[in-house]
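Trainee: So the protein lines, in turn, are chains S and F. Its first residue numbered 1, the first sequence is counted upward by one per residue in the numbering used here. Its first residue numbered 1, the second sequence is counted upward by one per residue in the numbering used here.
Keep in mind that the hints were calculated from the coordinates and are not lab data. The reader is advised that the hints may include incorrect statements.
Any copy will do: because identical chains look the same in the list, a pair fits if it lies in one copy or spans two.
[Said to hold, decoys possible] When the alpha-carbon atoms are kept at most 20 Å apart in a straight line, the in silico EDC-like pairs for lysine to aspartate or glutamate are as follows:
hint	residue 1	residue 2
1	K525	E469
2	K588	D370
3	K588	E548
4	K588	E568
5	K588	D512
6	K588	D461
Protein chains: 2
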Amino acid sequence: MWVQALKRRLLGRPIPTTLEKHERLGRVTGLAVFASDALSSSAYATEEIFLILVLAGTAALHTSVPISLGITVLLAIVVTSYRQTILAYPSAGGAYIVSRENLGTYPSLVAGAALLTDYVLTVSVSVAAGIAAVTSAVPALYPYRVELCLAGVALITVANLRGVRESGRVFAVPTYAFVGSYVLMIGWGIVGWLRGAYVPGPPPASAPGTEELTLFLALRAFASGCVALTGIEAVSNGVPAFRPPESRNARHVVVALGVILVGLFVGITVLANVFQLVPLEQETINSQLARRVFGSDSLLYYVVQAMTMLILVLAANTSFADFPRLSSFMARDRFMPRQFANRGDRLAFSNGIIILAVLSALLLVVFRGDTHALIPLYAVGVFVSFTLSQTGMVRFWSRERGPRWRMRAVLNAVGALATGIVTLIIATTKFTHGAWIVILLIPLIVLTLMSIHRHYANVADQLSVEGAEPDQPPVPHMVLVLIGDVHRGVLLALRYARALSSNARAVYVDTDPERTRRFEDRWGKWGGGMPLVVLRSPYRSVVGALLEYLNQLQAHAPDHFVTIILPEFVPARWWQHLLHNQTALLIKGALLFRRGVVVVDVPYHLDR
Amino acid sequence: MWVQALKRRLLGRPIPTTLEKHERLGRVTGLAVFASDALSSSAYATEEIFLILVLAGTAALHTSVPISLGITVLLAIVVTSYRQTILAYPSAGGAYIVSRENLGTYPSLVAGAALLTDYVLTVSVSVAAGIAAVTSAVPALYPYRVELCLAGVALITVANLRGVRESGRVFAVPTYAFVGSYVLMIGWGIVGWLRGAYVPGPPPASAPGTEELTLFLALRAFASGCVALTGIEAVSNGVPAFRPPESRNARHVVVALGVILVGLFVGITVLANVFQLVPLEQETINSQLARRVFGSDSLLYYVVQAMTMLILVLAANTSFADFPRLSSFMARDRFMPRQFANRGDRLAFSNGIIILAVLSALLLVVFRGDTHALIPLYAVGVFVSFTLSQTGMVRFWSRERGPRWRMRAVLNAVGALATGIVTLIIATTKFTHGAWIVILLIPLIVLTLMSIHRHYANVADQLSVEGAEPDQPPVPHMVLVLIGDVHRGVLLALRYARALSSNARAVYVDTDPERTRRFEDRWGKWGGGMPLVVLRSPYRSVVGALLEYLNQLQAHAPDHFVTIILPEFVPARWWQHLLHNQTALLIKGALLFRRGVVVVDVPYHLDR
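Just chain S, same shape as in the assembly (with noise of 0.2 Å):
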């Protein structure tokens, strides 16, 4: 069919579940494959807090600079609280497994919760600012941003599905061609900034703010840039994506990720505010600053910008590889739907990717595809999850006492608690902007992953076969054959009819005297001496006669089982079905849920 041959040709042919070892990065694809989302947000994060500081005005940007050297020692800590994650939980460390081994069942689910919104907002916050990337260097396409979003979410679909593996090789070139580009950009405005090279423009307009300087403000500012540390648990998360040593290689891509991250998201803010670029609606930050690098129409202010642009769709990547991989530990756990746990053709978790991507899209149609308006919903979750997972390990070192256990759980405590006072901060200042969606959605979540595991446990209870008498009877039943007429269809069920029961009826539907004569002479020829039921029907309906005598037998046998027989011919194309009447749909439809009912096609096939 031509549906297979199209998924054949998108997704490639299916791989067999022994490959699947082979499946696994080194240091240098993993790192490209979990750089990028970590990396990507030196692309927002500047502009993120220059938006908010300007609302108290044009001079209050210098402010950005204090803030991102904050922004660094927090990064500083999460990076050695998530070394020691790794070195605990080298077999798969996430917010989720953490809290649930440490933490209990509930912390855990608030984990999860938090880490699945996150990387649904990982992936619309990241297309969206990849998208600006392009808008800002072409402003034509400026009207087309969603489309182009929604184009990005569904070509990072596909590469999913096809699997892992390949997802490696696609990822590696852009994330190190991005982190070059960026790191001449930076070096470049810098020395050309202490040789004085740049003729500084016109001094900005000075524009006054609409709000003071509070520490309110600058907390929210502070806030907003926190988005850069979104991503960097990603490589905890997988650590058994990883060629072993996978330890070994996760913590060594962890701390590379927090080095090149600083330097790029300090290099950035020092040179905006060098330049003293202040925040447009159609242009992002990172464009006017490569702009006045390199000069507006030069190769390289393209490339940066196409740089950028990949690194963005890409990074939603990550999410694609952790949003799957959490939903089959938690459906495993019987917490969310089974369907997640299974791998499609190619090994990957094709349920999980198909629900990322459509939940990222609908958020990138809601949002207009706009960044700004986006990540006051996505750090919550982010440093819910940080926090929740640096307070399991402090329990996880007290607990297992290893080698210089203390100073481990020191570390991991100081983690908890700065992490912790910033979820309370982003969470206050960010709250009327959108949070208070996030804070919301969590709680339903929990509750609503509580209710599939009680659904699951109550099924496995009913299904148990505790107590059950191993060596059962047959099941009473009796065989019924519905006919409407006689032809080679019908005997051939008739047929069929007797190989299962030697005392199986045939059932007519009476809605025409005058057919039901014709009808019986013709039987009694045909029948071959097997009982006839008919059944009148003053409405013409034959599900509603069907029922009526359904209701009568089974009152008189309630532990029988009927089984219905349907003669159907199946015509030799599908367009000549739309030329006979479905009864047996019909049929089949009514009896889908009724007990003690089995309703069996018996299918008799036309040639033309």
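Put chain F on the given structure of chain S with help from the hints.
Mentor: Frame of chain S; chain F shown alone:
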């Protein structure tokens, strides 16, 4: 279920088949039901003539009077012709039946296709013109005309799904009120004119046209005016809907219809000339006329507009009686899908009604509810069927030779000749304005009808029991139970399998060696000695492995039926289905059209 409840509320309770006879129409209600189509064309026929003539300038509009007299002559011929058809075919003498009996299959299919097209257009044109009457009176509604059209179609559809008797009741009052209000308007207008009561307005600016008043243009205007005749044939199509004596009642009705129609059509045309009306885009000629006669904001003006709207929206009802009836005839002759021959709960042919509603609504959307754009498509079908029907009658009389047969044959021959010529005029003058669509469509419909017929003949041939053995042995078969686990649902399925066959086998697909080992352990205790087949599946596809096994089985025993039993537990609530794998559905889908395979779901019902 709420769907059922809504259906009952909208359509009323089912009517038993035995009540069918009583759903008949007397002369008064019969005139109302069948008249609306024919009479309502007076709402737009004059305007359509004006719209063509005005191309040659306002001075050319006077030509409308002789044209309307020509149409009157044509109408008299057609009515005389149809009186004879009703006489000869008291049991339903539509063009389809008359052509089939007298001219053969192909002409009857052409007539049928023409009529079906025509019925759809009747609905679209009538509803569009009805809404034009509303927007003439209330210009503020003009932008919503398409939506209003669709609401009108929906209203008539529901009324008709309720059944024909109630339709008669619904339509009698507006039909007679329409005739009354128009007779009043025309009479009042003529009396006032003769008494010189109207102050002549400023003579209209005698606008020059863009074309010459050629014979071709006059013929085009005549062709447009011929829409006045549409609907006159409805009575002969619906003779059996009358109370006995059906034929006599129907003949009275068709003559009464002709007389009223001429009165209204000629009256409007003459008065429109008297008042020197000119077609406007947003107001109909009839609305302008009513304003001049009764005064712009008088109550009577609004009464005329309301009645025009009602008769037109309800005129569509003629098609809602005739389209489903003709479809059911053609379905019984196996030229249309047999579903069209099924009566619904309320004895109406529901499928025909619904298809008609959908097609006409589609036309209204495509042509933006514009009467004038639809008219060129309209009359072709009507006149093709007129011509075929009258031609058929000539053959009828010369074959049957009853009393005065020569005279009757001549009358019908005159009808056939006149309508044949008009068909050519319409096809020629309207070809480029839209008639080509119908001229192309009719042969396509005929081809489709023929291929449907061929399909039914093929099926009947293949299903025929001719040559079959009456006493055939039970079909040889084997029973497989597909299981993935051991639970109470599986135990039930095993008991059911044992009831069907003492040689049933269990089939298990191995997707994970560890799980398979655990399963085999449990099987030892619970399998009750049933043989177990374990299938390997390196690609984790249960369906794939099963299909391969079936290929093997069927290669060894091609004459055997394979019954595959799927144990399925049925959750207590619908949303819980989402939490379980839909493997059973996948398997059923994959085996749907496979020869010699029967798939049986054995449901195990959960309580919570």
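Trainee: Now tell me, hint by hint, if it's right for this structure.
Mentor: Hints and how they fare:
1. K525 to E469: Answer is between: at 10 Å across copies they meet the 20 Å cutoff, but 46 Å inside does not.
2. K588 to D370: Classified as neither; 48 Å inside a copy, 45 Å across copies.
3. K588 to E548: within (15 Å within a copy, 28 Å between copies)
4. K588 to E568: Both ways: K588 and E568 sit 12 Å apart in one copy and 15 Å across, limit 20 Å.
5. K588 to D512: neither (23 Å within a copy, 34 Å between copies)
6. K588 to D461: For K588 and D461, the Cα distance exceeds 20 Å both inside one copy (29 Å) and across copies (27 Å).
When each numbered hint is compared with the structure, violations occur for hints 2, 5, 6.
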